[in-house]
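Numbering (our numbering), first residue to last: -1 to 102.
In short, the hints are calculated from the structure, not lab data.
Here the structure is a predicted model, which means the values were calculated and not measured.
Quick reminder that beta carbons are idealized off the backbone N, C-alpha and C, glycines included.
There's no promise every hint is true.
[Said to hold, decoys possible] Listed next, the in silico SDA-like pairs over lysine to any residue satisfying Cα-Cα at most 25 Å (straight line): (1) 0 <-> 100; (2) 0 <-> 70; (3) 11 <-> 77.
[Said to hold, decoys possible] Quick list of simulated restraints, FRET-style, between CB atoms: (4) 13 <-> 93: 18 to 24 Å; (5) 17 <-> 87: 17 to 23 Å; (6) 29 <-> 68: 40 to 46 Å; (7) 76 <-> 21: 37 to 43 Å.
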Amino acid sequence: MKYYGNVGYRNTKEIRPGVWDTENVVERPYYGDVLEPSRRFSSSDKVNDDISVENRVSIISDPFAIENFHNILYISWMGSNWKVTKVDVQFPRLILTLGGVYSV
């Protein structure tokens, strides 16, 4: 399955000496492939269970992605933003493992 969508990066910047803005998110579009489309079923003591996937998405990286892979927060896929729980660097690709729905 092919992938095209945005990847959200945390973009911290110093507002003034000693004060950092951590809420700034930059999105960049990428092409790639969905490697393992899957869903994990888990029950909890909540009324509504949290949705969680364990998909892996391989994106074709650019210099920005390689330099900032440690700042990846989420990936847009199937109409939602999903938390990235793991990033494997396999140049020229990044393999992103997804978790639950990303919420700010």
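Hints, one by one, checked against the model:
Distance restraint check for residue 0 and residue 100: the Cα-Cα separation of roughly 21 Å lies within the 25 Å cut-off, and the hinted pair is therefore satisfied. At roughly 20 Å between alpha-carbon atoms, residue 0 and residue 70 fall within 25 Å of each other, so this suggested pair holds. Distance restraint check for residue 11 and residue 77: the Cα-Cα separation of roughly 29 Å exceeds the 25 Å cut-off, and the hinted pair is therefore not satisfied. For the pair residue 13 and residue 93, the supplied restraint of 18 to 24 Å is violated, since their beta-carbon distance comes to about 34 Å.
Separated by about 31 Å at the C-beta atoms, residue 17 and residue 87 break the suggested range of 17 to 23 Å. For residue 29 and residue 68, the hinted distance range of 40 to 46 Å is not satisfied, since their beta carbons lie about 21 Å from each other. Checking the proposed 37 to 43 Å range against residue 76 and residue 21 shows it is violated: the Cβ atoms sit about 25 Å from each other.
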